[in-house]
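Chemist: Sequence:
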Amino acid sequence: MRTIAAALVLMTITVAGPASAISRYESLGKTCASVQQLIAAERAVILRYPSSRGGPVLYDRYVAGRGQCGISDYASRTYVPTRDNPLCPVYNCKPSSIFNPH
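In mature numbering (1 follows the signal peptide of the UniProt record, and there is no 0), the protein residues as written are -21 to -1, 1 to 81.
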């Protein structure tokens, strides 16, 4: 019985796979090109930046493309501020819907 339980635990760990950590960066400390290179290399990152209205720090997950989004999501173009560009183009995942079927 212990052998079966151990085999089930091992199989569960193998199937689940390793958890991958996601890197976090301050977008204003980097150039637009370096932010885009980080996203392309790591496939998904979290970027933090101050609100344009002086409010709280904003953050979101930015991706290299649709492959990093969930099955019912799509990669939507958006912009983050960087050291050299206040509107650096990047992508993040947005949910698809009947009204927005990407």
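Hint data in this document are derived by calculation from the structure and do not stem from the laboratory. By construction, the Cβ of each residue, glycine as well, lies at the ideal position given by its N, Cα and C atoms. Be a bit skeptical, because a hint or two may be false.
[Claimed, not checked] What follows is a set of in silico ranges between Cβ atoms, one per label pair, in the way DEER data are often shown:
1. L7 x S76: 25 to 35 Å
2. E5 x R32: 15 to 25 Å
3. S13 x L37: 28 to 38 Å
4. I50 x G8: 12 to 22 Å
5. R62 x D39: 30 to 40 Å
Chemist: Now, for every hint given, state plainly whether the structure supports it.
Modeler: Right, here's what the structure says about each hint:
The hinted window of 25 to 35 Å between L7 and S76 holds, with their beta carbons roughly 32 Å apart. Between E5 and R32, the C-beta spacing of about 18 Å keeps the proposed range 15 to 25 Å intact. At about 19 Å, the CB distance of S13 to L37 disagrees with the hint of 28 to 38 Å. For I50 paired with G8, a C-beta distance near 34 Å fails the hint of 12 to 22 Å.
The hinted range of 30 to 40 Å is not satisfied by R62 and D39, whose Cβ atoms lie roughly 18 Å apart.
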